[in-house]
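J.: Respectively, the protein sequence lines represent chains A and B.
Last residue of the first sequence: 638 in the working numbering, with the numbers rising by one and none dropped.
Last residue of the second sequence: 383 in the working numbering, with the numbers rising by one and none dropped.
Treat the hints as calculated values from the structure; they're not laboratory data.
Built from N, CA and C at the ideal position, the CB exists for glycine as well.
Please note that a few of the clues may not be correct.
Rough simulated footprint, nothing fancy, chain B against chain A, three-plus residues with beta-carbon under 8 Å [claimed, not checked]:
| id | segment |
| --- | --- |
| 1 | 279-289 |
| 2 | 352-359 |
| 3 | 607-615 |
Derived coverage of chain B by chain A (criterion: at least 3 residues anywhere in the stretch with Cβ under 8 Å from a Cβ of chain A; other residues may be distant) [stated by the list, open to error]:
| id | segment |
| --- | --- |
| 4 | 199-210 |
| 5 | 234-245 |
Far from chain B, by Cβ distances over 10 Å, these chain A residues were calculated [stated by the list, open to error]:
| id | residue |
| --- | --- |
| 6 | S144 |
| 7 | K145 |
| 8 | F168 |
| 9 | K174 |
| 10 | K205 |
| 11 | I400 |
| 12 | Y402 |
| 13 | I444 |
| 14 | L451 |
| 15 | R453 |
| 16 | T506 |
| 17 | L590 |
| 18 | G594 |
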Amino acid sequence: MLNIGEDMNKFAKLLVIIFMFLNINNDSFAQNIDELLAALPSAKFSEKEVLVSKLGDLKTETSIKVLKSLEKGTLYFLRSSKKVIYADKTEEGYILTDILTSEIIGKVKKKKIKRISLNNKLRKFTRTIIAKSSLLSQKPHIRIHSAKVIFGSRSVELLPIINEALKKETNDKVKKQIEMTQARLWLLTEDKKLQEQSLDYFSNNTDPKVQSVINEFIQNLDTEKNDSNLLMYNKAISVVKKIESDIKFFKLIENLFFGLSLGSILFLASVGLAITFGVMGVINLAHGEMIMIGAYTTYVTQLAFPNLIEYSLMISLPFAFIVAGLVGIIIERGVIRYLYGRPLETLLATFGISLILQQLVRSIFSPINRPVITPNWMSGMFEIHPALSLSYGRLYIIIFSITVFVALLAILSKTHVGIQIRAVMQNRSMARAMGIKTGWIDSMTFGLGSGIAGIAGVALSQITNVGPNLGQNYIIDCFMVVVFGGVGNLWGTLTGAFLIGIGNKFLEPFSGAVLAKIITLIFVILFIQKRPRGMFALKGRASEINQ
Amino acid sequence: MMRSNFLSNLLKGDLRAKIFIYLLIFAGVIVPLLNLYTPEDNFLHLTDYHVALFGKYLTYGLLALSLDLIWGYCGILSLGHGAFFALGGYCMGMHLMREIGVRGVYGDPILPDFMVFLNWSELPLAWYGFDHLGYALFMVIFVPAFLAFVFGWFAFKSRVTGVYFSIITQAMTFALMLAFFQNDLGFGGNNGLTDFKDIMGFSLQDTTTKIFLFCSSVVALGLGFIVSNKFIKSHAGIVTTAVRDQEDRVRFLGYRVEYYKLSAFVVSAALAGVAGALYVPQVGIINPGEFAPLKSIEVVVWVALGGRGTLYGAIIGGILVNLAKSFFTVNFPEIWLFFLGGLFVLVTIFLPRGVIGLFADLIKYFKSKKLKTNE
Numbered sequence: 092m093l094n095i096g097e098d099m100n101k102f103a104k105l106l107v108i109i110f111m112f113l114n115i116n117n118d119s120f121a122q123n124i125d126e127l128l129a130a131l132p133s134a135k136f137s138e139k140e141v142l143v144s145k146l147g148d149l150k151t152e153t154s155i156k157v158l159k160s161l162e163k164g165t166l167y168f169l170r171s172s173k174k175v176i177y178a179d180k181t182e183e184g185y186i187l188t189d190i191l192t193s194e195i196i197g198k199v200k201k202k203k204i205k206r207i208s209l210n211n212k213l214r215k216f217t218r219t220i221i222a223k224s225s226l227l228s229q230k231p232h233i234r235i236h237s238a239k240v241i242f243g244s245r246s247v248e249l250l251p252i253i254n255e256a257l258k259k260e261t262n263d264k265v266k267k268q269i270e271m272t273q274a275r276l277w278l279l280t281e282d283k284k285l286q287e288q289s290l291d292y293f294s295n296n297t298d299p300k301v302q303s304v305i306n307e308f309i310q311n312l313d314t315e316k317n318d319s320n321l322l323m324y325n326k327a328i329s330v331v332k333k334i335e336s337d338i339k340f341f342k343l344i345e346n347l348f349f350g351l352s353l354g355s356i357l358f359l360a361s362v363g364l365a366i367t368f369g370v371m372g373v374i375n376l377a378h379g380e381m382i383m384i385g386a387y388t389t390y391v392t393q394l395a396f397p398n399l400i401e402y403s404l405m406i407s408l409p410f411a412f413i414v415a416g417l418v419g420i421i422i423e424r425g426v427i428r429y430l431y432g433r434p435l436e437t438l439l440a441t442f443g444i445s446l447i448l449q450q451l452v453r454s455i456f457s458p459i460n461r462p463v464i465t466p467n468w469m470s471g472m473f474e475i476h477p478a479l480s481l482s483y484g485r486l487y488i489i490i491f492s493i494t495v496f497v498a499l500l501a502i503l504s505k506t507h508v509g510i511q512i513r514a515v516m517q518n519r520s521m522a523r524a525m526g527i528k529t530g531w532i533d534s535m536t537f538g539l540g541s542g543i544a545g546i547a548g549v550a551l552s553q554i555t556n557v558g559p560n561l562g563q564n565y566i567i568d569c570f571m572v573v574v575f576g577g578v579g580n581l582w583g584t585l586t587g588a589f590l591i592g593i594g595n596k597f598l599e600p601f602s603g604a605v606l607a608k609i610i611t612l613i614f615v616i617l618f619i620q621k622r623p624r625g626m627f628a629l630k631g632r633a634s635e636i637n638q
Numbered sequence: 009m010m011r012s013n014f015l016s017n018l019l020k021g022d023l024r025a026k027i028f029i030y031l032l033i034f035a036g037v038i039v040p041l042l043n044l045y046t047p048e049d050n051f052l053h054l055t056d057y058h059v060a061l062f063g064k065y066l067t068y069g070l071l072a073l074s075l076d077l078i079w080g081y082c083g084i085l086s087l088g089h090g091a092f093f094a095l096g097g098y099c100m101g102m103h104l105m106r107e108i109g110v111r112g113v114y115g116d117p118i119l120p121d122f123m124v125f126l127n128w129s130e131l132p133l134a135w136y137g138f139d140h141l142g143y144a145l146f147m148v149i150f151v152p153a154f155l156a157f158v159f160g161w162f163a164f165k166s167r168v169t170g171v172y173f174s175i176i177t178q179a180m181t182f183a184l185m186l187a188f189f190q191n192d193l194g195f196g197g198n199n200g201l202t203d204f205k206d207i208m209g210f211s212l213q214d215t216t217t218k219i220f221l222f223c224s225s226v227v228a229l230g231l232g233f234i235v236s237n238k239f240i241k242s243h244a245g246i247v248t249t250a251v252r253d254q255e256d257r258v259r260f261l262g263y264r265v266e267y268y269k270l271s272a273f274v275v276s277a278a279l280a281g282v283a284g285a286l287y288v289p290q291v292g293i294i295n296p297g298e299f300a301p302l303k304s305i306e307v308v309v310w311v312a313l314g315g316r317g318t319l320y321g322a323i324i325g326g327i328l329v330n331l332a333k334s335f336f337t338v339n340f341p342e343i344w345l346f347f348l349g350g351l352f353v354l355v356t357i358f359l360p361r362g363v364i365g366l367f368a369d370l371i372k373y374f375k376s377k378k379l380k381t382n383e
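Next comes chain A alone, as it looks inside the complex (with noise of 0.2 Å):
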């Protein structure tokens, strides 16, 4: 009897449990939180307690909501339908906000509205319950937040509920979060043990946020200090001293990892440039306008499509190439063949029609910048270690500028265009006495260092304004990248270009944004005057034809 007595219990709570899954998987959850802020308004503060503990069963983001607003004190009911809302506070009175729909229902007098009240130890309980709630929320992006919170709040009574999460979590990024959580807590406690328990997680697991934590730790322990703690003292400075020099190391690869993406941007910009400037030694001034072009082609072309927002780029290269490429050819034809052998003149031309391109966009599409718009995989963030995060956007313009030196080195040495474009680098006269015409090679040159500008002024739109004094704001830094690297070599531009990108990041944190540029300037201008030809200079017969 008593066996079955047993089963006959257990096969009743098995039946409640049931009933309960079926209640929540119902659809009935909704239900059930109305009838718990139904109830609200008339509890006393001992229903409320079973109240909130009842809503933070729930674990819902709407029942969290509710407690975190509750604690807050911004949890209202109306006078006269007991209907419970959110209100804000605002000068012309509160505006209420509707719990399960979140919009916005109007707005009352004070009058109209009573708070629901909480006293201290109630608002305590309440907040434990939102902790236990959320850590244990369906929804692993709540988890970690709520980790996040009570990392920061020094609330130790909160440690139970915590220990009780770290046995539950099966994500292991959350776990991760929960683990620091815990042993910041740990460190709280008056516990011997459990804080070189915590120094130990911490010193295997540096995270920046943990060094003002352990300094106070450091600075708690100064205060009394006897030989008991003096182990407990050493072993904390060692822990910070190794998240120190965490993140020292971690800001190195970072500054290198800014300046591989300043450089491989002003690759993308100045390569272009170095080869109308190596092949033709054809100072390009409107340069940096097909830059310009290809920004503003990105722009048109996301107009265009706006529902392929998000392969907007991949549409926008080809057509940036050839948009850009064309403005290039026809400004070979029209007016740089006229000047060959005139090269300072050439530089005047050109800065002419850099004005006129400028200009023209300021009419076409006004002199405020434009808008482009960021697809999804290009933003965010990917995160290494807690000290270091590096984002995407940056990554894939790197990547893609490696591409297009690759692609770039492809052309020149493999296609039959790109042998007679380095002919014509290497002797004008004889390259045309073999047979190539000249004439349409220079063209072509001109077509593709402008195409791969127009490239770059996709690349480009991602990360600077759209503007008409985009091409203007880089046209200078080409210039430093080609003569630094020497001019007609796609090595010497990749170096340059990394070398004054890098150098550029790491002066950055000693002299500030403006005299790291300016230092670097000057650096250019020294070292021309001590290499004229650049790092890597043509030698041989080749380095006497562009001059």
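Start from chain A and add chain B according to the hints.
T.: Relative to chain A, chain B alone:
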């Protein structure tokens, strides 16, 4: 008559140069007369604003002259001449700032307003001595010349030529612009130097002061022209011109090419500095925008349009383009950049010798036609 003989001696039968000087003297006399002695409703009347405006054009003319000296006669294209102009302007601006004294908004007898605003307690070392006009005038010439000397010394010694030189001069002015935009440098940052009150005790708003500044510009331009003319006719000038045409050959003949280039560059920078110093009191402001690479390149087009390698041509180009600029930016601001850009392209392709070259060709053409008809 005394003056005329003196001029004839100086210019040695160079008819066009003489005509130019007489025109300049004429302008120096007629503009003040039209301002002072014509009734205000007369259409010939020139307001104070116009006097200052013409004064500004003359300083631009001097700037163009200074660039022509090295580009037209030495083959060095500087894309950073605006920097020397602006440095001269800043030296003058600093003197004018010091002259404001207690009349500034904050009434500090020593510190200019922007320093009080930035909570500075002491005058930066670079500002010492600028309360004396003489010192300021010396610095107007010295600072640009010194910069040009250092810059040119390194560049010419290591034989940086052609487009490379142009690009590094552009980088120089760009770097200076970035630096002057910084508040910490102590030259007023973004806003530059402005709100000047008077010069040598005379209010800058007075008609007589404006006329005085205009006449100073005339004299400076005339002197600059004569000095440059003298220079290019001298032995050193002829060598410099030879450097322009065949640098290697001159070097093989045993000349130290870099010294000729350097002296031309330094003289040119000093002239640009003087132009800047006269520009500032007439315009009433100097800010880092003057260092912008665009401004420097604009100067190049003045010279190219007027006629590279003819001193008066460069001056005329500077004045003409700026007249056009005043006209377009007031009446058709949209078109101004199209016009300027078009000028760059058309002048380089179709008028390699500028307006002056075009006139010379036309005169030649008509003369030959006349000869033919006479035959």
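J.: Check the structure against each numbered hint from earlier and tell me which ones fail, lowest number first.
T.: 1, 2, 4, 5, 13, 14, 15
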